[in-house]
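Peer 1: Sequence:
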Amino acid sequence: MDVRVSGNEISHIGGNFLSNNTINAGPSRSLFDTLQGQVNLDVAYDSSERQDEGLSVCKEDTRKAVLGAIENWAQMKDGPPVCWLYGPAGAGKSTIAHTIAQRYDEQKKLAFSYFFSRRNRGRDDMAKFVATFAYQLARVLPSVQQSMQDALAKDPAIFMRVRETQFKDLIIQPVHNTTTPDSPMIIIIDGLDEYDQDDEKFLLKDLIQLLVDSLSELPFRLLFTSRPEKYLQAIFKQLSTPHCPVALHDFPALDDVFNYLRLELERVRERRDLPRDWPPQDNLQRLAETSEGIFYYASTVIKFVDDEYDNPQRKLQIALQANTGLDSLFEQVLDDAKGCHHFSDVLGAIVFLRDNPPISMLPHLLLLDAVMDVRVALRGCSSILLVPDSDEDYIRPYHASLLDFLANPRRWNEVFYNPAKCNTAILRRCMNLIAADSMSDADALRYAYQNWPYHIHMALFYTNDVDYIESNLKPIMKEISMDMFRWFKKWMVSLDGYEQVKQVHKDLHSAITCVTERSVYLVRALKQAFTAVDKVGALSHLKLWGSHDPVTAFSPAVCMWLCLQSTDPLTDSITTFAFSQFYVCDVPAKWRPLTDPITAFTFLQRYVIVLAKCRPLAYPITAFAPSYREEYVIVLAECRPHY
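First residue of the sequence shown? That's 1 in this note's numbering, and the numbers climb one at a time after it.
In short, the hints are calculated from the structure, not lab data.
Do not rely on the hints blindly, as some may be mistaken.
Claimed, not checked - Calculated lysine-lysine pairs in the BS3-like style (CA-CA distance at most 30 Å, straight line):
no., residue 1, residue 2
1, Lys168, Lys237
2, Lys490, Lys527
3, Lys506, Lys489
4, Lys108, Lys128
5, Lys474, Lys421
6, Lys109, Lys237
7, Lys77, Lys59
8, Lys490, Lys506
9, Lys474, Lys527
10, Lys108, Lys168
Starting from the given sequences, assemble the full structure and let the hints guide the process.
Peer 2: Laid out in structure tokens, this is it:
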């Protein structure tokens with residue numbers, strides 16, 4: 001997201017929209033109103049989104065030892081200020097973190113909680129991290145609010161600064177200016193392994209280091225949780241600050257799992273009016289042993305058995321057939337559900353469709369008659385998949401380990417869906433939508449334009465069968481090759497900014513790498529598409545700048561510029577322009593109104609300056625040169641000529 005500052009007004013422009021957020025720390029607005037647009041409310045331990053995902057706390061008389069160990073660490077004044085709780089998938093780390101967060105929140109000792117989720121990539125948005133921290137901290141420690149408001153008034157563009165500056169001005173300094181709490185408060189960061197490592201803007205190690213370094217100046221203690229991934233082990237090993245590692249495998253959980261299963265199945269028995277001797281004691285013991293102490297295994301068994309559409313006694317017998325480990329349980333659940341109509345198509349779509357499209361879009365992408373077909377297809381998966389009541393919400397797993405399982409067909413021998421066929425079917429439907437060009441399916445059409453290269457890459461990635469490629473993928477690619485330049489402009493316009501152009505570029509390159517020598521025609525056709533996108537996507541230095549204010553339009557302070565980066569065509573005229581001293585050596589910035597329409601653009605060394613009133617320019621410039629308001633000046637800078 002790019003920002004322009006004018007006084008106390010901050011304008012954000014990204015993708016195909018323009019919005020204005022005004023930071024005004026004056027008395028007419030509270031601190032919380034000021035921060036609202038910069039905060040990610042979904043990350044807190046008690047957020048409504050986490051409630052929808054089925055958040056839980058440790059049941060009574062379970063996890064006593066590990067909870068006690070963490071609380072003892074948190075209360076130590078002279079011990080290590082950092083604790084790292086780690087354990088395998090499904091071991092209950094998030095439940096433990098939630099329980100600790102709830103307990104300390106009740107004591108007004110929870111400074112901040114942040115729960116990452118692989119199911120919701122919105123929680124990876126580090127641009128909102130410090131503001132979210134400030135928002136939560138101000139709620140529990142009201143004495144910091146005035147200092148935070150002062151910082152926002154002093155620097156309305158603070159959220160354009162580097163994260164370290166934000167942290168110093170909005171967290172460290174306000175805490176210094178207030179009364180120190182009697183005992184340390186706690187920060188909880190859950191699910192480090194679920195943070196998207198592809199985010200090049202703010203790496204995980206930088207986040208950890210930022211928080212750990214701040215502890216020398218803050219009366220806080222810091223609890224991290226994650227799987228014991230090697231890259232995380234390396235990060236914690238390199239920390240200069242001492243930390244307390246807590247390994248879940250050091251706290252045997254079989255007895256806790258047994259008690260949990262007993263209590264939950266007793267509730268099922270009472271609710272469903274089952275015999276008093278159900279479930280047999282040996283069944284409980286078998287399930288507890290099979291779980292290997294993994295609480296997610298046990299909670300999945302409960303959801304599976306308590307299926308409103310089936311007999312709990314029958315479902316329990318199916319669950320007992322699973323071997324140890326989550327994979328075996330997933331197989332039992334899916335095997336019992338695979339008889340539902342459209343099961344394979346919908347399950348594969350959940351794994352491979354990008355960006356969690358809403359349920360309402362799935363029939364358009366899967367050639368189903370109605371949303372009800374999607375719901376019926378997944379009726380037997382309610383123990384492992386959350387299928388929301390709202391059609392505008394999206395389907396997601398209860399636990400990230402299910403996605404790991406489904407995305408690796410070797411773990412289940414492709415008995416539930418065929419990844420290559422699934423992606424081929426989605427690709428074919430994408431091309432049908434593009435050919436029809438119907439606005440009645442506008443969201444699905446946009447998805448098709450943005451993601452067909454991804455699905456051809458996935459189809460190629462999951463098959464080595466040359467005959468399959470020739471008979472299924474080659475005809476689709478031939479159709480794309482013949483028609484692409486007819487819809488190329490709409491394709492580029494559908495991409496929400498330069499980042500999506502770059503992603504399409506990457507997907508096509510990956511597809512070319514996958515196909516290699518297996519199909520000469522396919523390689524040639526993919527390279528044709530790649531080259532076409534390259535005319536836009538290769539503009540890796542493209543920056544499109546403008547401003548309402550001619551004085552600041554070409555100020556040396558880049559942060560004062562307004563970025564208009566987009567892939568929309570030009571539609572509006574532009575009535576002013578300026579030459580920049582950056583691009584005309586030693587010539588001061590000047591501006592003047594245009595008197596004559598200018599429809600051309602000119603190269604100045606390797607820079608392009610667009611002078612307008614601009615009509616839509618001819619291909620390929622239309623793909624990346626927009627205007628949103630007549631009063632903007634625009635410059636396309638650092639762009640090498642493409643002929």
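Peer 1: None of the hints should be skipped; say for each whether it holds.
Peer 2: Do the hints match the structure? See the list:
no.: 1; hint: Lys168 <-> Lys237; verdict: 26 Å, holds
no.: 2; hint: Lys490 <-> Lys527; verdict: 20 Å, holds
no.: 3; hint: Lys506 <-> Lys489; verdict: 19 Å, holds
no.: 4; hint: Lys108 <-> Lys128; verdict: 23 Å, holds
no.: 5; hint: Lys474 <-> Lys421; verdict: 14 Å, holds
no.: 6; hint: Lys109 <-> Lys237; verdict: 28 Å, holds
no.: 7; hint: Lys77 <-> Lys59; verdict: 29 Å, holds
no.: 8; hint: Lys490 <-> Lys506; verdict: 19 Å, holds
no.: 9; hint: Lys474 <-> Lys527; verdict: 14 Å, holds
no.: 10; hint: Lys108 <-> Lys168; verdict: 23 Å, holds
When held up to the earlier numbered hints, the structure conflicts with none and fits them all.
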